[in-house]
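Trainee: Given next are the chains, with one letter for each unit.
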Amino acid sequence: MLVAPNRPLDDLVIRGARVLDPVEGVDERLDVRVDGGVITQLGAAADANGHRVLDGDGLVLAPAFVDPHVHLRTPGREDEEDLVSGTRAAAAGGYCAILAMPNTDPVVDSAAVLGSLVERARREAEIPVGFLAAITKGQSGEELTEMGELAEAGAAGFTDDGKPVREPGLLRRALQYSAVARPPVALHCEEPTLSRGGQMHEGVTSAELGFGGYPSVAESLMVVRDLALAEYEGRPLHLLHLSARESVEALRQARTAGVAATGEVTPHHLTETDEAVRSLDPNLKMNPPLRAEGDRLALIEALRDGTIAAVATDHAPHARHEKEVPFESAPFGVTGLETAFSVLHTRLVEPGVLPLETLLERMSAGPAGVYGLERPRVAVGAEANLVLLDLSATWRVEETGFRSRSVNSWLLGATLRGRPVATVAAGRLVFAA
Amino acid sequence: MADVHPLIRDELLPPERPSRRHLISIADLSREEVERLLGLARAFARSLDRDVKKLPTLRGRTVVNLFYESSTRTSSSFELAAKRLSADVMSIKAAGSAVDKGESLKDTALTIGCYDPDVVVIRHPEIGAPHLVARHTGAHVVNAGDGKHQHPTQALLDLYTIDEELGGVENLHVAIVGDVLHSRVARSLIQGLRLMGASVTLVGPPPLIPRGIEAMGCEVSHEIDAVREADVVYVLRMQKERMQAGANYVPSLREYTARWGVTPERIRPGQRVMHPGPMNRGVEIDGEVADAANALIERQVRSGLAVRMAVLYDLLTHGPVAVAAPETLEVA
Numbered sequence: 001m002l003v004a005p006n007r008p009l010d011d012l013v014i015r016g017a018r019v020l021d022p023v024e025g026v027d028e029r030l031d032v033r034v035d036g037g038v039i040t041q042l043g044a045a046a047d048a049n050g051h052r053v054l055d056g057d058g059l060v061l062a063p064a065f066v067d068p069h070v071h072l073r074t075p076g077r078e079d080e081e082d083l084v085s086g087t088r089a090a091a092a093g094g095y096c097a098i099l100a101m102p103n104t105d106p107v108v109d110s111a112a113v114l115g116s117l118v119e120r121a122r123r124e125a126e127i128p129v130g131f132l133a134a135i136t137k138g139q140s141g142e143e144l145t146e147m148g149e150l151a152e153a154g155a156a157g158f159t160d161d162g163k164p165v166r167e168p169g170l171l172r173r174a175l176q177y178s179a180v181a182r183p184p185v186a187l188h189c190e191e192p193t194l195s196r197g198g199q200m201h202e203g204v205t206s207a208e209l210g211f212g213g214y215p216s217v218a219e220s221l222m223v224v225r226d227l228a229l230a231e232y233e234g235r236p237l238h239l240l241h242l243s244a245r246e247s248v249e250a251l252r253q254a255r256t257a258g259v260a261a262t263g264e265v266t267p268h269h270l271t272e273t274d275e276a277v278r279s280l281d282p283n284l285k286m287n288p289p290l291r292a293e294g295d296r297l298a299l300i301e302a303l304r305d306g307t308i309a310a311v312a313t314d315h316a317p318h319a320r321h322e323k324e325v326p327f328e329s330a331p332f333g334v335t336g337l338e339t340a341f342s343v344l345h346t347r348l349v350e351p352g353v354l355p356l357e358t359l360l361e362r363m364s365a366g367p368a369g370v371y372g373l374e375r376p377r378v379a380v381g382a383e384a385n386l387v388l389l390d391l392s393a394t395w396r397v398e399e400t401g402f403r404s405r406s407v408n409s410w411l412l413g414a415t416l417r418g419r420p421v422a423t424v425a426a427g428r429l430v431f432a433a
Numbered sequence: 001m002a003d004v005h006p007l008i009r010d011e012l013l014p015p016e017r018p019s020r021r022h023l024i025s026i027a028d029l030s031r032e033e034v035e036r037l038l039g040l041a042r043a044f045a046r047s048l049d050r051d052v053k054k055l056p057t058l059r060g061r062t063v064v065n066l067f068y069e070s071s072t073r074t075s076s077s078f079e080l081a082a083k084r085l086s087a088d089v090m091s092i093k094a095a096g097s098a099v100d101k102g103e104s105l106k107d108t109a110l111t112i113g114c115y116d117p118d119v120v121v122i123r124h125p126e127i128g129a130p131h132l133v134a135r136h137t138g139a140h141v142v143n144a145g146d147g148k149h150q151h152p153t154q155a156l157l158d159l160y161t162i163d164e165e166l167g168g169v170e171n172l173h174v175a176i177v178g179d180v181l182h183s184r185v186a187r188s189l190i191q192g193l194r195l196m197g198a199s200v201t202l203v204g205p206p207p208l209i210p211r212g213i214e215a216m217g218c219e220v221s222h223e224i225d226a227v228r229e230a231d232v233v234y235v236l237r238m239q240k241e242r243m244q245a246g247a248n249y250v251p252s253l254r255e256y257t258a259r260w261g262v263t264p265e266r267i268r269p270g271q272r273v274m275h276p277g278p279m280n281r282g283v284e285i286d287g288e289v290a291d292a293a294n295a296l297i298e299r300q301v302r303s304g305l306a307v308r309m310a311v312l313y314d315l316l317t318h319g320p321v322a323v324a325a326p327e328t329l330e331v332a
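Taken in sequence, the protein lines are chains A and B. Each residue of the first sequence is one higher than the one before, counting from 1 in our numbering. Each residue of the second sequence is one higher than the one before, counting from 1 in our numbering.
No lab work stands behind these hints: they were computed from the structure. Here a beta-carbon is modelled for each residue, glycine too, at the ideal position from N, C-alpha and C. One should not assume that every hint holds.
What the hints assert, rightly or not - One side of the interface only, derived from the structure: several residues of chain A facing chain B at Cβ under 10 Å: (1) Asn6; (2) Leu9; (3) Asp10; (4) Asp11; (5) Glu202; (6) Gly210; (7) Phe211; (8) Gly212; (9) Arg278; (10) Val325; (11) Ser329.
Said to hold, decoys possible - Within a straight-line C-alpha distance of at most 25 Å, the following computed SDA-like cross-link-like pairs (lysine to any residue) qualify: (12) B:Lys93 - A:His321; (13) B:Lys106 - A:Ile300; (14) B:Lys101 - A:Arg196; (15) B:Lys106 - A:Thr400; (16) B:Lys106 - A:His321; (17) B:Lys106 - A:Glu233; (18) B:Lys106 - A:Asp57; (19) B:Lys106 - A:Glu78; (20) B:Lys93 - A:Ser329; (21) B:Lys93 - A:Val325.
Between the sequences and the hints, there should be enough to build the whole structure, so can you do that?
Mentor: So, in structure tokens, the structure goes:
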């Protein structure tokens, strides 16, 4: 469930863009007219009629993106991100909706905390936001939250993201109870006794650098356990930020067997490996860690064949001083809202590894489907959720270019090709370059 | 200073090698560079045999030793090496400094940088600390040990010792015994030995040999008998804190010593034995082995001084400009 900001809706005409909505089966040069935030006309030569006109010549117009995994750091760490900066960053990244994780301070584990966030989002957010609530109180893995009341108060789903649900018995209860709350239960899969002390993927690079290893089996073991519980209970499950080949194989097998399981993957796991950590740059430290090339290729294949339904940024802002320390002292997490499409377009679509249509679907309809949200679409009668993409724009990722309050991007200094130039979210023009 | 960060950061990103102004990892060195450093060390070792040991070479230069971990031989030999070369030396220990008051490494680096030191020698419990100091000061940075990552001057002094005592490093076989997982000494030494054409076998309990380490070009054995074939047995320090109950790397110190301790029975007569110190006699190394005539342990310490003089000299005088052959070095 999304919380839309209380703001006036826009009248727009977008002229001459290549309209590309792979789910609707649209791929042609069209004018799109939006009246009062709703798409009213798709065709040639739409009448501007005093509407704001965006020139789409040479650009692609697609359903805007949905990010199922964002850390907005509010409440508690507004110095790192808040509802305004986070949603502005998302708008600049082409997103019309984002889902915020509940590992804030305090944790989103009561209707009171959730309610205040919902209120603030109505006033402050630039684009619609959904708030996930915790599975356990304080994310301590001991006691279930009041999932029913949280669902009524607007929780978009449930997760203890950042931490695994260690006890299988408790996870089983959460899965059962999610039937009267709001599915899915979204899980961070990490067996803590295997990942303890881990700074990066356990492999050739960690052996050489001397870092404590965080082996892939720490993730895949938990994935297998969680899928078994979901199968037994017949309840939907969403696997957060998958990183390992074995995890993906387990998910594929479970889906084939009819388990209602979905998965997501981040741009960094799709485009980088543990080799990158040789630079010792704390902006390459995240949980789960960058893994080996075989894992990366398995993730791409799973995204291509639909085993993984969604691209998620796991946008995790951190204060500059917390990342300007040796790798081992740095917190896990990197930002990603403002670079996700660009880096995937540059490194997967342009080299021909992933079709553009597939990327657009996995960044929009895919994640919307995971959380039962309305799919952004380019169709008459639909709420306008649109992104205008310049696929040939070449740009360099710089600290000064971010709308996010934090600059802990793993792509600083990189040159990327393709970027969103305008975003319409819930009927409002929220970003125009 | 905030805008310094992205500029210098580019310098540290792969695939470009870190600037030669720093000695951070053996992986950054070529064989020629190692040979040049060993040649310089030989020249300095000769100067240390004189009655008056001080050389004017680095007069007016400033060397800061920044030690965040306890150290006897590394800190003392860096300090003495700088003094032998007539540099001004300032040694800062984390205990008793602003670090105790919660100062970050970046701020300490910025503070020290204000004195324009020529060289900062840093030892730190965390991997990458020397890179951070390199990013935030204009000094040449020497890594005196960063976490479990690298200890390049130890590897250089070990190579120097082997070279001097066995007449070369190429084609030798070195067995490294013990806790490789937690050892920066082992990582630097493996790279150094491989670079110089020696072969390496790692010997130790399976949980203390990191998965994937073979990719560094070494063999792995879990049996202590494997050391007998080697020309040199290099014994790593067994860190007692790794052996506490519950750590479960090995069931007990007793079992470690029983199976992997280097005892007189387990080595060949005359086999060369090395240890980076400090030793736990009776744990990883038997006292009789440590004190035997064929042990090179004290020799290693003596080499440390000449090698560290060579490193400081090389960083401050060599740079990107070619220098005269080390054998003809003016040491008056």
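Trainee: Which of the numbered hints above does this structure break?
Mentor: The structure conflicts with hints 1, 2, 3, 4, 13, 14, 17, 18, although it agrees with all the remaining ones.
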